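**Q** Listed here are the chains, written in short residue letters.
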Amino acid sequence: MSTANLLYTDTEDALRDTVRRLFADRCKFRAVVTHYDAEADFTGVWKTLAVELGLAGLLVPESLGGAGASTREAAVVMEEIGRAVAPVPFLSSAVLATVALLKTGETQALRSLAGGSTTGALTIPLSKPPGAYAATVRVGASGLTGRVSSVADANTADVLVVPVVGPDGLELHTVARAAAGMKVTPALSLDMTRPIADVEFSAVASTRVDNGAAEDAVAEALLCGAVLLASEQVGVAQWCLETTLGYVKRRKQFGRAVGSFQALKHRLADLWLEVSSAGATARYAADTYARGDAETPIAAAVAQAYCSDVAVHAAEECIQQHGGIGMTWEYPAHLYLKRAKSDQLALGTAYHHRARLAELIDLPTSP
Amino acid sequence: MTFDEHAIGRDLDTRVRRLLATHDPAHTEPHKFLEARFDTGLAWVQFPEGHGGLGVPQSFQEQVNAALTAAGAPEPAVAKNGIGFGMAAPTIAAFGTEEQKRKFLRPLYIGEHIYCQLFSEPGAGSDLASLATRAVRDGDDWIVNGQKVWTSGAQNAQMAILVARTDPNVPKHAGLTYFLCDMTDPGVEVRPLRQITGEAEFNEVFLTDVRVPDANRLGAEGQGWHVALTTLNNERVAIGSGVPSAMIDKVVAAWRAQPELRNPAMLDELVRLWVESEATRLTGERLRQQFASGQPGPEGAAMKLALARLTQAISGLEMQLHGEGGLRYDDWTLRRPEIVDFIGRGPGYRYLRAKGNSIEGGTSEILRNVIAERVLGLPPEHRVDKDIAWKDLPR
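Going line by line, the protein sequences match chains A and B.
Under this note's numbering, the first residue of the first sequence is numbered 1, with each subsequent residue one higher.
Under this note's numbering, the first residue of the second sequence is numbered 1001, with each subsequent residue one higher.
Hints listed in this document are in silico derivations from the structure and should not be mistaken for laboratory results.
Watch out, some of these pointers could steer you wrong.
Calculated cross-link-like contacts (lysine-lysine; reagent style BS3-like; alpha-carbon spacing at most 27 angstroms) [unchecked claim]:
| # | chain 1 | residue 1 | chain 2 | residue 2 |
| --- | --- | --- | --- | --- |
| 1 | A | K249 | B | K1386 |
| 2 | A | K249 | A | K183 |
| 3 | B | K1032 | A | K252 |
| 4 | A | K28 | A | K249 |
| 5 | B | K1386 | B | K1355 |
| 6 | A | K47 | A | K28 |
No experiment lies behind these values; they were computed from the predicted model shown.
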């Protein structure tokens, strides 16, 4: 346990600078907020991130066309995505779909995802926590049939990675989103910067890719997703805290900066402590996963149980301490509240992760 | 690790081996061993050579401690002399003259000098800088008069770190001076102060014409506040981040062992606190990795804030978990313990003692000010007394 490195290496800091500059330049609030009124196109930012910077393949070994990095680096990217509420399919494609394929030994679709030429979506409701998954799509003689609701970024994915009920248990298939018999219906999402869609399969041709490892692949993808989502939540929380601090130092009422009132500053001190602690748990989870430590499920559950509520708390404080400004469409705070609240529900709520932890650390429920 | 770091690591290994070879722990009196350890620079590796250290980063200390513990070497009395090790030693190292370091660090390390802290007063708690204990120059000495309070371990202490007012004619922060005070001086009277738990960890200390040599002044005259801040930052780090984990382990053990105590609604609360304890442990660990060398900053205040909230919440839950058992108490006898033992006592003790965690070493409210102002850069509190001479302040 004491071998965990909870800090950032120089390489990781350099990666952060690069990603932060990209988002500062190409994911400005004014552009991101347009997602709520009309379908906005952020493909260009994603291509830069995925292809030019090579980050789509961060978790993929070099031998398979990736960067051969680990969750430590991916976590840094997720923090920056959180800070910018960047509307890019990194979590859905470069983490969830990629890790699932990686675990099965599939290489063709994986290479294409790793290179950034296509994006993928693991076809599972975004709210599904790590653990056993009961698939809702069936395979028959005519292909795949069934429906999966609330899949993140499904509407823009090229390839869907679909958990399927087969005759002998869970299978994993790849399907082109544009294949005959597919119907992808975008939903009006609480967080339009990570849009969800409902996916219907009516006798769709697919390729089975699991090599018998479908259950492990789905479990691994969700675990990795939970680990990394915590870092996004830390990024969201950091932005909210820093922005609120900036505001309460500037904003004057009663002849003084409102940040000089203990009613606000004490809450910000507590929030800072929460955000710092969230950072430590997220970093621990990312490092633990990267080392292949057997403690990873515990570290992931701790990070999710802690960070998901901290991000929401930070976003709520951000709104409250900005007063009326915080409620406006013109100010970015609402984007962060929407991302934080969606992230709290994504991959299991804190309640779910605590219940799971009770099992993992042997706290039996019944008398 | 760099080349230099490898070289330091090897040098420390050699020193540890040589120390163990010349002073076999099995056949050496503990204080002799500690003297030898101090003299070879393995007491506090970050301290200067000749003063118990080697001037290398503090992060190397762990390696030395581990090797010596593994060899069964006698340990310094860190728990019994928490004020000495946690506060006095780093302050002496930072502000002491060569002579003071030579005179005070070695006896502190080998257990000859137990320290206590003469800071708070009946009229100066959160507003420590307003303290009224006077030190008046008399030749090569200072004559000290006043009353201190909340002094843990004063009955066992040979030495004290003392802040006293040397100039009442300037604003409060500017008129303070920091001393090392001999507790065996006849003018020092220690009276136990019984507390909520039944025991008397703390004392009142009355100082009547106590003579402190000017040679025991740490830092310049009037610089006492600055010196005291070093002590206080160390105090907040010394209050460890591992306590909540140890406390939650007690609750977890009871939950596992006694199925009849379990309540499904309580489980979520228990896991929530388990998660927070783990988060606090990791935050402390990351802070240590960040500040592997150098003085702790105000970030240490955050750890203390987290600790207080958690120990109180955990012990409160523990009482409810035990139900009928929580109605009983283990020992109301007036005792004067040398160390605070959260884990060895019953749930009722933990619940009551934890109430002090948000008061001692800076109240949680003051710590929030410290974080807000010194970490987050928020505007300071309005301080009406800041530019007024101490003697003119309303009291």
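**Q** Indicate, hint by hint, whether the structure satisfies it.
**A** Evaluation of the provided hints:
1. A:K249 to B:K1386: Judged against 27 angstroms, a Cα distance of about 22 angstroms means the pair holds.
2. A:K249 to A:K183: violated, 50 angstroms
3. B:K1032 to A:K252: Violated: B:K1032 and A:K252 sit about 63 angstroms apart, past 27 angstroms.
4. A:K28 to A:K249: With Cα atoms ~23 angstroms apart, A:K28 and A:K249 stay inside 27 angstroms; holds.
5. B:K1386 to B:K1355: Distance ~31 angstroms between B:K1386 and B:K1355 Cα, so the pair is violated.
6. A:K47 to A:K28: The hint holds at about 17 angstroms.
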